[in-house]
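Protein chains: 2
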Amino acid sequence: MVNQVQRVEDTWRTCSKSDSSGASNSGCESSKESSRSSTPVLDTDRTDRLRDKMRRRTESGDHWFSLEFFPPRTASGAVNLISRFDRMGSGGPLFIDVTWHPAGDPGSDKETSSMMIASTAVNYCGLESILHLTCCNQTKEKITGYLSKAKRLGLKNIMALRGDPMGADWEEEEAGFNYATDLVKHIRCEFDDYFDICVAGYPTGHPEAESYDEDLRHLKEKVDAGADFIITQLFFRADTFLKFVRDCRAIGITCPILPGIFPIQGYQSLRQLVKLSKLEVPEEIMQVIEPIKDNDAAIRNYGIEQAVGMCRVLLESGEVPGLHFYTLNREVATMEVLRQLGLWIEDPRRTLPWAVSAHPKRKVEDVRPIFWASRPKSYIYRTQDWDDFPNGRWGNSSSPAFGELNDYYLFYLKSKSSKDALLKMWGEELTSEQSVYEVFTSYITAQPNVAGHKVMCLPWNDDPLAPETNLLKDELDKVNRRGVLTINSQPSINGKPSSDPIVGWGPPGGYVFQKAYLEFFTSSENVTALLKVLKKYEPRVNYHIVNVHGQNTTNAHDMQPNAVTWGIFPGREIVQPTVVDPVSFLYWKDEAFALWIEQWAKLYEDESPSRMIIKYIHDNYFLVNLVDNDFPLDNCLWQVIDDMFELLDNPPEEQPADKNQAMRSKELSVEL
Amino acid sequence: MVNQVQRVEDTWRTCSKSDSSGASNSGCESSKESSRSSTPVLDTDRTDRLRDKMRRRTESGDHWFSLEFFPPRTASGAVNLISRFDRMGSGGPLFIDVTWHPAGDPGSDKETSSMMIASTAVNYCGLESILHLTCCNQTKEKITGYLSKAKRLGLKNIMALRGDPMGADWEEEEAGFNYATDLVKHIRCEFDDYFDICVAGYPTGHPEAESYDEDLRHLKEKVDAGADFIITQLFFRADTFLKFVRDCRAIGITCPILPGIFPIQGYQSLRQLVKLSKLEVPEEIMQVIEPIKDNDAAIRNYGIEQAVGMCRVLLESGEVPGLHFYTLNREVATMEVLRQLGLWIEDPRRTLPWAVSAHPKRKVEDVRPIFWASRPKSYIYRTQDWDDFPNGRWGNSSSPAFGELNDYYLFYLKSKSSKDALLKMWGEELTSEQSVYEVFTSYITAQPNVAGHKVMCLPWNDDPLAPETNLLKDELDKVNRRGVLTINSQPSINGKPSSDPIVGWGPPGGYVFQKAYLEFFTSSENVTALLKVLKKYEPRVNYHIVNVHGQNTTNAHDMQPNAVTWGIFPGREIVQPTVVDPVSFLYWKDEAFALWIEQWAKLYEDESPSRMIIKYIHDNYFLVNLVDNDFPLDNCLWQVIDDMFELLDNPPEEQPADKNQAMRSKELSVEL
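From first to last, the protein sequence lines are chains A and B. Residues in the first sequence are numbered consecutively from 81, following the working numbering. Residues in the second sequence are numbered consecutively from 81, following the working numbering.
Calculated directly from the structure, the hints in this document are not laboratory data.
Note that the list lumps identical chains together, so a pair holds whenever it fits in one copy or between two copies.
Taking lysine-lysine and the DSSO-like style, the derived pairs with C-alpha atoms no more than 27 Å apart in a straight line are:
| id | residue 1 | residue 2 |
| --- | --- | --- |
| 1 | K576 | K616 |
| 2 | K615 | K576 |
| 3 | K682 | K695 |
| 4 | K534 | K496 |
Given these sequences and hints, build the entire structure.
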């Protein structure tokens, strides 16, 4: 059910506490005080820092790419940008960076601030991220405050910049931040080695520098002050960069230098950028562009071709371990360049079935409840205050302490679609429960609804059906038509290779398994029949059935989770990333029911029939989850639902012999 | 590789933290302070106490049995008794009890003391155990000391007895322990509800009591003082017991009353017992026994028949939830009675592939390294100081802190066989390494050795081959003949039902899995060839190869364990009870090599050729373990060994094209 993906290799590598331990060479000292610990990670344990990842990939000659974004102006722009993070993150960037936008209250909690966008990339999209920070005209206290906040939010990398002085009459301040070097020193002074620090390099010299050589010396100062690597300003010729690297090496700069690549995407944006950065566009490029300046497609195609050609020269030079792209928050050109270079990971391997958060506190996390499979950002949000995360097993979670729902309408949990678009998809006017069923069916089948609109999302699923769920499409279609409103499911899997393109995850050479899972809303009439049917499936099928008021029926253990996804890998312990946890289910229940009201009912006028229909479902339906424990056999959950329909269609006549059954069914109704 | 077994049901039940929690009925309070914990067990969490197990089995009408033993007189008697615990424990007693032997220093650390025998039953044999304790002529301090020690050793149940006064001139002491009631009160006063307390009942009245009614009143006092259940003195007629129960109930004794069953096993032992207990043997029994008093077999057969008949009456009365057997430390009669009653569990289900310790501190333990599979008591001994035990996963055990080997010759780690028997099995005189290989081969094949003796054990395996290992017999035979001296192995299993009679374990409805494992000693010449061969099997096969000096070669992670046995069960998280842990292997290595010297070499004279041969092997051979990670495929480890032999038999001629390989092989030799 999860679409997000990312590079497997680094995450699996960092699962091991220490690569350099000599423990295999005999002579283990025994120490009574330290027993084993399944969560051996300290806050200061930073074996997965960006500079180490760079070093490892440089050593193995494994070229990488990275992506630069700027913060959006509006909340809806933020929602779009975060979707873009997910899409572009799937191609496997080593990191992304977010520029500092001094005019946009960059360190605030606003959903459009640089700080919040970078935090979201780390925490919710699982992307290694660099936050830009400019120091010009700032007090030390202010800067320290920003850095403390960044650290608290899980950000681990800073791009230290001077920034553009405000006004033309800028002068050096005695004790202030006058150059990026001052900021680098300050970070190292106040935060020791906590952050990885990046600084900017100017292949043609900084526009304000006295000379190219003078500028190189400044760069050397920044590196000597503690910067870990350099990203350059954009340039248009490979030679420009390669000379710059040679000159840097000549004066003793040894850290990685990443070329900033700018695929030309349009005439206006090019003009604006060169103006801002005071760069000159080479004559040979202008000669191509000028004649086609009104043809966006032609310019973009040229830009792609030009960037690909330049990148090839750079990569073949042996001087370039990775490429940094100025995306201008657009996808197409950068992705195409990366595809042509073979750097875009078309079929990325997943570390776990769900996207791993990049917050260092969550580094060991490898188990989650299945319920939030389609709402991983909500899960991360509601568990952000946890001090430790399930690792290896979920355990007996007597009190998982999920965050309250009152903030759940935060921007990154909102739908990407506008109210108008939602109304088109989910119905301008609902006339019956049946019309709700049809919305679900349209979503499942990807067929237009009665008004001719495709249903691209549901309150519980912000994206179209995942490829894995698509395998179940026919069955899902059939049951949704009859009011079994499915919101989450997975098929059973009995040992597919971990490299399987649809259901695979984890390191190579392993096998993945799943128990079949189905979660849906349905009427209390259906539930009464379902409970009768489920007796036939004991103990094969575990169920939890709950309504909005918390009336709860289950045949599973009260506290013990059921592992429904697991993997077996060479040389490792078992990994079981997804569980059905009975306690978490009751927290999820609140969220799942609230979505009916918050996302759907509120599209309609108060007291309107449409709103009343959704309200009725919210108040009266049950949320059901079913697990088929017998994963080596054919999934029996569809048969369970079929049997339920069969019982509803052909209720047994009440005969003396059936008296007991009638009694039981009465008890069940009471129980519910 | 594990022969020991025990009742699955209770152990699995107690894995759940709380059966009575109402968490499934909505309204979970969220509490920020408590996150999940994978080891939720406190020392005071005693949901698995004996009285609760009795109550549950009484409620479900599931009759049980229990077994009484007395402490042995000699150390070799202790070794034999502990083997008996393992054998009789496999039939599924609810508990065993160990009598208090005042003349035998019962509270000491001697291997024959009541305290140590009961502790061994709990800790090493995994048996729920009751320690008897008599209070007559003891100070309160002494008694409190015994109880504290018992608690510290993991004992949880006490049979509180007065004991026989020393000398005929016994008088009540003012502030002393005069009756068992005083002891019960003292236990409850000093240890609150920690211990489950059992007291003795006398179906025909205590011999010293003024009257039967007076004795019943004393019993009522003992129960009112805090006893949890009653075990009666032996008796010969069912009616005697059933009347006694009626009389107890009539005066308000409501706790369980377990009949003490004594299968008559011989004329002398019967006479002695009735004399000690001042009982009268009914005329109808004496009439049968007197004529056959010199025919032990006939008397035993009669005893079995008589006991079975009486037990049937008791069980059918509905008054008897379980039967308590006075075994006199013998097996045959009691086991036969239990078999005829259908109470002996012929094919007990295993909770885990290894026998679970009954020490409350180890309650959550569910992962162990595979290395000690045939020496579980040694593993328990060497980890007895751990504060917590692996639960769910082994984790990154940077320092597992195993106990030192210097105490390893403790009696419960000794071989059950005498030096003479060992010499017969392992060779009065060894002439070459080959003669050692033949000992291994005889053990594997269960064929007599050259001297005509069966090899029933090896220093690393105190019992004949386990049924599971028997599946591999032909392959094991073949490789041992050629000096691949196997000491541990398991076949691969790809999802057999948990009810499988040979490889199954855990609750019903599950599936168990294994990766193939092979562990052996072999010469450095073989290892050099093996390492070359193993390159072909990367990354499918993980290996660790180490010699006595700790020279260690591996292709596995330094710290991460490899799960080699796991199970998937309905409604549960994954269970992975056995791992290959690289750090633990180096501790096991010390033990595995030491066994060559301590158990085998020392059988021979100093400087004798036999001892020198074993010493040579100890000093020069390597200990190798191999895991085939690809559990769904056919086990490739035999092919690995075959390839090694093939390479040794037909070494490639050194040709120019092979230069690299020759170089590599040279490096490998150096590496080793």
